[in-house]
Amino acid sequence: MIFKALFLQLFTRPVTNRFPAKYMPTSVLGFLGKVQEGKAKIVPPVPVTEGFRGKIAYDREKCIGCQLCIRVCPAQVIEFKPEEKKIRMYVTRCTYCAQCVDVCPVGALSRSQEFLLADYDRFASNLVVE
Amino acid sequence: MREKVKPEEKTEELTKACPTCFEVPIGPIHPALKEGIRFTFWIEGERIRKVDIRPGFMHRGIEFMGTKRNLIQVLYLAERICGICSISHPLAIVQAVEQAAGIEVPPRAQYIRVIIGELERIHSHLLWAGVAAHELGFDTLLHYVWKVREPVLDILEDLTGNRIDYAIPIYGGVRRDVPPEKYPKLKDALRYYRSLVDDFVNFFLRDPSIEARTRGVGVLTSEEADSLCAVGPTARASGLRKDVRQDWPYFAYPDLEVKALTPEDMGLEVRGDVYDRIVVRLLEVVQSIELIEQCLEEMPEGEITAFPKVAALLAHLKKAEGEGVGRHEAPRGEVIHYIRLEAGEEAPAVWKVKAPTYSNLMPWYPMFRDQEIADIPIVAASIDPCICCMERVQIVCDGKAETLLKDELLRLSWAKTERVASRVTRQVSPGRGG
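Same order as they appear, the protein sequences are chains A and P. When the letters of the first sequence are read in order and numbered with the numbering used here, they come out as residues -6 to 123. When the letters of the second sequence are read in order and numbered with the numbering used here, they come out as residues 115 to 548.
It is possible that some hints are incorrect.
Computed spacing ranges between beta-carbons, pair by pair [stated by the list, open to error]:
id, chain 1, residue 1, chain 2, residue 2, range
1, P, V439, A, T85, 31 to 39 Å
2, A, L3, P, N316, 21 to 29 Å
3, P, P293, A, I57, 43 to 51 Å
Straight-line Cα separation of at most 27 Å, DSS-like style, residue types lysine-lysine; simulated pairs [to be verified]:
id, chain 1, residue 1, chain 2, residue 2
4, A, K78, P, K466
5, P, K432, A, K15
6, P, K373, P, K423
7, A, K74, P, K261
8, P, K432, A, K79
9, A, K79, P, K423
10, A, K(-3), P, K261
11, P, K423, A, K55
12, A, K79, P, K182
13, A, K78, P, K432
14, A, K74, P, K182
15, A, K48, P, K296
Rather than coming from a laboratory, the hints here were simulated on the basis of the structure. Glycine included, every Cβ here is placed at the ideal spot set by N, Cα and C.
Whole structure, please, built from the sequences with the hints as guidance.
This is how it looks when you write it as structure tokens:
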């Protein structure tokens, strides 16, 4: 049993996310700069499944300001902006239940596949959707 | 008002009853525990003579929070009562609300609820098996079990969109269908688990060291289990054929004809010890696999929810008046939700939750009687609570306090396995035994 498992281990790929660079770069920022210039490549994360509930995407044009999403949101992620009749979402509070997507009568909200949302600032531009 | 008993008075009284005992408190607080709990053991030599359990440290006021929100928000709050039974609480509350508001659920939705619930049982029991192996000092087995637990989590993510906190049930149905395209992948996973059953029986039930550490440890007789109202695998391991899915069938369970399983179903004599609890949980994994296969075959076509529009559901729930009770057999036992709705109010007037660990607290008293200190981790883990209350142990001896960390308790447990193992096997040491 144990030798079989060890032997198979040689040929199986790890199921976890691999380290983004092949080897530890001397400078992480330098490496990221190179990635932006297109000189280096990042090892992509394991893809998520099709129905994955990630960060909520918001289509501002479609939104009619009915506030149904605010009523059903269990984590009070969504804030109403009365002067524009649009919404603002604070992603750090989100529990990713996607109930707002189900309730939206015009389909202005949708699930995205994005899940790498760590940041030092909870009001970073990536974490406030409006 | 309840009569107040000062903790010191109670301690004094118990100390008087056993003058040669050491007092060993464990707990009371660990943030990862759903019910923060304190054990106080009275120990004579190595033996536990008496135990006192004090719950109530981690009260989060979830039920109160629920009465300030509308019912759809409450559903997601219920999901977060427990991280591992993250579908059991929603399944219980949807039953309560559907009963109170008189909502009919389409049959296909009932089957999907059963499938997700049984998948959760597989993952929860595997998680428990890993934890139990760790408490005994078999870390190889812990890593093995948690490795084979991954496929079921992947399946759950594929079906629902999340590994944990699936957000699938809603009042009147489910939010996502299980389309026929996904059957093959689900069946593959079930076949994989079926092929593992023999391995599990070998690793857990035929291993002499595990048998020596768990046979006759933490015994709960069937009379005690009955009178203390044990639920779930804890009760069934003591020989009580008690299962909500059998006694009060709900969802699609009446069609599936679930039978409560006890060690007798494996041809073993019921002794009600930790070993029997392992047996019952392994049997239930097999049972869950069978139930899901049966569901996939018998699942009817049709609607998955009675209210395709969530806004209509909200309006219906606002008008509803009445009360309802929902019961579900969670992996740990019976979970009960009671809810009362008032017309014109979005929030429930009353919401009461009873989690299975609550019923399984009292059986701890007979289980701990006359056990050794090194058996505390496995006996406490055997009812499948959140074991994190083992964070800190304080031994008070002659007025001196000595703090024992969880590592120390685990080390004691592992050392005992090593001692026992060297007696029963050919010098297999734990962790390396594979």
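We went through each hint and held it up to the structure:
no. : hint                        : verdict
1   : P:V439 to A:T85: 31 to 39 Å : holds (37 Å)
2   : A:L3 to P:N316: 21 to 29 Å  : holds (24 Å)
3   : P:P293 to A:I57: 43 to 51 Å : violated (31 Å)
4   : A:K78 to P:K466             : violated (38 Å)
5   : P:K432 to A:K15             : violated (56 Å)
6   : P:K373 to P:K423            : violated (37 Å)
7   : A:K74 to P:K261             : violated (47 Å)
8   : P:K432 to A:K79             : holds (26 Å)
9   : A:K79 to P:K423             : holds (22 Å)
10  : A:K(-3) to P:K261           : holds (16 Å)
11  : P:K423 to A:K55             : holds (19 Å)
12  : A:K79 to P:K182             : holds (25 Å)
13  : A:K78 to P:K432             : holds (25 Å)
14  : A:K74 to P:K182             : holds (23 Å)
15  : A:K48 to P:K296             : holds (24 Å)
Checked against the numbered hints listed earlier, the structure breaks hints 3, 4, 5, 6, 7; every other hint is satisfied.
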